[in-house]
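Novice: Now for the letters of each chain:
Protein chains: 2
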Amino acid sequence: MTKESIIQPITNAIRSVIGNEETLIALHEPSFQGNEWAYVKECLDTGWVSSVGKYVDQFEEMLAEITGVKKAVAVVNGTASLHMCLKLAGVREQDEVLIPALTFIATANAVSYTGAIPHFVDIEEKTLGLDPVNLADYLSDLATVHNGECFNKHTGRRIKAVVPMHTFGHPVDLDRLQEVCEKYSLALIEDAAESLGSYYKGRHTGNWGIASAISFNGNKITTTGGGGAILTNDEELGKLAKHLTTTAKLPHKWEFRHDQIAYNYRMPNLNAALGCAQLEQLPLFLEKKRRLAEAYRNAFSVVSGVSFVSEPEDTVSNYWLNTILLQDEYASARDAILEETNVNGIMTRPAWTLMHKLPMFTECPRMDLSTAESIERRLINIPSSPHLTHQDMTS
Amino acid sequence: MTKESIIQPITNAIRSVIGNEETLIALHEPSFQGNEWAYVKECLDTGWVSSVGKYVDQFEEMLAEITGVKKAVAVVNGTASLHMCLKLAGVREQDEVLIPALTFIATANAVSYTGAIPHFVDIEEKTLGLDPVNLADYLSDLATVHNGECFNKHTGRRIKAVVPMHTFGHPVDLDRLQEVCEKYSLALIEDAAESLGSYYKGRHTGNWGIASAISFNGNKITTTGGGGAILTNDEELGKLAKHLTTTAKLPHKWEFRHDQIAYNYRMPNLNAALGCAQLEQLPLFLEKKRRLAEAYRNAFSVVSGVSFVSEPEDTVSNYWLNTILLQDEYASARDAILEETNVNGIMTRPAWTLMHKLPMFTECPRMDLSTAESIERRLINIPSSPHLTHQDMTS
Numbered sequence: 013m014t015k016e017s018i019i020q021p022i023t024n025a026i027r028s029v030i031g032n033e034e035t036l037i038a039l040h041e042p043s044f045q046g047n048e049w050a051y052v053k054e055c056l057d058t059g060w061v062s063s064v065g066k067y068v069d070q071f072e073e074m075l076a077e078i079t080g081v082k083k084a085v086a087v088v089n090g091t092a093s094l095h096m097c098l099k100l101a102g103v104r105e106q107d108e109v110l111i112p113a114l115t116f117i118a119t120a121n122a123v124s125y126t127g128a129i130p131h132f133v134d135i136e137e138k139t140l141g142l143d144p145v146n147l148a149d150y151l152s153d154l155a156t157v158h159n160g161e162c163f164n165k166h167t168g169r170r171i172k173a174v175v176p177m178h179t180f181g182h183p184v185d186l187d188r189l190q191e192v193c194e195k196y197s198l199a200l201i202e203d204a205a206e207s208l209g210s211y212y213k214g215r216h217t218g219n220w221g222i223a224s225a226i227s228f229n230g231n232k233i234t235t236t237g238g239g240g241a242i243l244t245n246d247e248e249l250g251k252l253a254k255h256l257t258t259t260a261k262l263p264h265k266w267e268f269r270h271d272q273i274a275y276n277y278r279m280p281n282l283n284a285a286l287g288c289a290q291l292e293q294l295p296l297f298l299e300k301k302r303r304l305a306e307a308y309r310n311a312f313s314v315v316s317g318v319s320f321v322s323e324p325e326d327t328v329s330n331y332w333l334n335t336i337l338l339q340d341e342y343a344s345a346r347d348a349i350l351e352e353t354n355v356n357g358i359m360t361r362p363a364w365t366l367m368h369k370l371p372m373f374t375e376c377p378r379m380d381l382s383t384a385e386s387i388e389r390r391l392i393n394i395p396s397s398p399h400l401t402h403q404d405m406t407s
Numbered sequence: 013m014t015k016e017s018i019i020q021p022i023t024n025a026i027r028s029v030i031g032n033e034e035t036l037i038a039l040h041e042p043s044f045q046g047n048e049w050a051y052v053k054e055c056l057d058t059g060w061v062s063s064v065g066k067y068v069d070q071f072e073e074m075l076a077e078i079t080g081v082k083k084a085v086a087v088v089n090g091t092a093s094l095h096m097c098l099k100l101a102g103v104r105e106q107d108e109v110l111i112p113a114l115t116f117i118a119t120a121n122a123v124s125y126t127g128a129i130p131h132f133v134d135i136e137e138k139t140l141g142l143d144p145v146n147l148a149d150y151l152s153d154l155a156t157v158h159n160g161e162c163f164n165k166h167t168g169r170r171i172k173a174v175v176p177m178h179t180f181g182h183p184v185d186l187d188r189l190q191e192v193c194e195k196y197s198l199a200l201i202e203d204a205a206e207s208l209g210s211y212y213k214g215r216h217t218g219n220w221g222i223a224s225a226i227s228f229n230g231n232k233i234t235t236t237g238g239g240g241a242i243l244t245n246d247e248e249l250g251k252l253a254k255h256l257t258t259t260a261k262l263p264h265k266w267e268f269r270h271d272q273i274a275y276n277y278r279m280p281n282l283n284a285a286l287g288c289a290q291l292e293q294l295p296l297f298l299e300k301k302r303r304l305a306e307a308y309r310n311a312f313s314v315v316s317g318v319s320f321v322s323e324p325e326d327t328v329s330n331y332w333l334n335t336i337l338l339q340d341e342y343a344s345a346r347d348a349i350l351e352e353t354n355v356n357g358i359m360t361r362p363a364w365t366l367m368h369k370l371p372m373f374t375e376c377p378r379m380d381l382s383t384a385e386s387i388e389r390r391l392i393n394i395p396s397s398p399h400l401t402h403q404d405m406t407s
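From first to last, the protein sequence lines are chains A and B. So this note's numbering is basically just the index in the first sequence, starting at one, shifted up by 12. So this note's numbering is basically just the index in the second sequence, starting at one, shifted up by 12.
Hints in this document: simulated from the structure, not taken from any laboratory. Some hints here could point you the wrong way.
The list treats identical chains as one, so a pair stands whether inside a single copy or across any two.
Straight-line Cα separation of at most 25 Å, DSS-like style, residue types lysine-lysine; simulated pairs [unchecked claim]:
1. K165 - K369
2. K15 - K265
3. K195 - K213
4. K369 - K265
5. K138 - K213
6. K82 - K213
7. K82 - K251
8. K66 - K53
9. K369 - K254
Bear in mind the structure is a predicted one, so any value in this text is a computation, not a measurement.
Please put together the full structure from these sequences, using the hints given.
Specialist: Laid out in structure tokens, this is it:
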């Protein structure tokens, strides 16, 4: 087989699942079939579109119930949420924060906003997320713990936190990662931007960290237009999250007094209204996406040279973005596959450029990133909208 | 006359303008009588609610036309806009930035986000905004210019920029302020958060600075739920503003590559749709608000001990928040007036607590702030929603 011989079978496998529609098939489109209109119209009819209104509270309560956390705080987007999670965990200027090399830019940017330095770690193929075993090995050489704080022996800087990202909805190995965090006194912050509806050992992602970030961008499983949320099981941190994201204004009937430098990160009521209607449909979206993933798995099981990424052991994934991995000998066909599919109306995309390859992060500390680099060469995301699911797909 | 004798005449003057409705009269409520629902519904029907969609472009074009600038960039809120304006003007860590002591917290917070230090300056009573004559005097002692950069002789730090805020919609004296900026090599950034529809010598506020910030919060003259915009006449800065607010992602059909640490500040299409419908009605809102202000001016012209704040000479104000100032001898009745009006269903509020009195800014450099302190003791904002205007109000 030549490298090119894999292109058509992959395109055919995708087409066998999503059909032969002439229109462009997006990577992930939202679906507004529920109460979106009703709730959004109510905001306009009542004039409550902005910083006050019942939908923000309702959205936060629904989200806390779905994820099982004590407090959810709605914010403008996932990036803002990550920024606040790092602040809540006590990340300060000149700290180092361990993050996977394979992630969306928001993870690294949010670390930078706090004045801390991203420190890139490798991933494992079975989860596409941070590899806790590899990280433990790395820290055994690199790190030292003094008085309950972890330090990088080479740079002398404090390593304050680790931020795993649940890639495309697939949970990382949280049990093993928690062991590493305990051993090295690291704060665990989950970048659960992509994993609403994903569980590790029966407990929702975002429910494991000191604080966790969710995204409700337009391409996510549920959307608020733009939006995000902070999750935490620490009630004091929950209150602080609300305070920090609403300009740290002290409650008063008319006085404007603020007690610290803080942020205007609150989600408008209009967007929360959309979010409430979307969360109502989350179980339906999850079911449809699971059936779509199953159909892809079946279709790709008979294509050689490529594998479909399934949820890791002990987890339930939301299958946010369906993903295929080329075998190494076909990696050089990746761009031709991207070209062929996109030209023919099937949106596909590669992995994000690894963080350590971006000009602003090339000088940041990092470990050997062989697995991330291998995955980057071989990964392709394929169309994943819930509405692509047909009735006859097996569940 | 006792201090208390002023309370009832003020309440009566407000009631004579807004009527005797039993329901709570808000300080400023939005009005959605135009195409809001049509445009928002189109977003839901087409699925374009988030980072892509025609309304963001349309909103930016409408805003550029209204304000006469070359480029407007829509963002999540006014605070984000201010943050970006400071970055665009080259404000760096450990710079000082001159801002009025009387402003909303966003101005000072945005300076802090860049790592710079707010330096508080006094205001003048006729504009409620930064006093350029006073500032010039102050800088003649404090500042020195070397190689086109201004330095604070006491702290040794660079003074990079000045950020006037057009308080409640009333423009500051921009001609004189520009003279000060030229003499001391200061970048002029306008905090025009409150002044959409306000003009200084026939040119729109926000059109004078290197970059300027607008807010579309729910309480503003037009709203996007939550939102803001950056205005600039420098096309290169306009491009940079778009790049910096959209994660600095380089254009590519599928690759995710970013060339600097940047922000996720884009306005969602859903919010921009609301904004387009609101901007269509801006002339109507301005007309109604002008008539409301005129009615207040007439009503307060016969109340002794208090004056209504009118637009400064050479300006047209949007009269965003109508404002009265107590004479000094009645200042101690301010809280009783706030109490009486709020208890009786008329929302009123005092000035924001002056910035230098907030715990996080008490150590920041500042000049004598006598006028700001005097205004703070005497200022009350009164209900200003456009829908409070009646047909029989003189125009």
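Novice: Each hint: holds or not?
Specialist: Comparing the hints with the structure gives:
no.: 1; hint: K165 - K369; in the structure: within (24 Å within a copy, 43 Å between copies)
no.: 2; hint: K15 - K265; in the structure: between (69 Å within a copy, 23 Å between copies)
no.: 3; hint: K195 - K213; in the structure: within (21 Å within a copy, 66 Å between copies)
no.: 4; hint: K369 - K265; in the structure: between (51 Å within a copy, 19 Å between copies)
no.: 5; hint: K138 - K213; in the structure: within (16 Å within a copy, 65 Å between copies)
no.: 6; hint: K82 - K213; in the structure: within (19 Å within a copy, 55 Å between copies)
no.: 7; hint: K82 - K251; in the structure: within (11 Å within a copy, 42 Å between copies)
no.: 8; hint: K66 - K53; in the structure: both (14 Å within a copy, 21 Å between copies)
no.: 9; hint: K369 - K254; in the structure: between (35 Å within a copy, 23 Å between copies)
When held up to the earlier numbered hints, the structure conflicts with none and fits them all.
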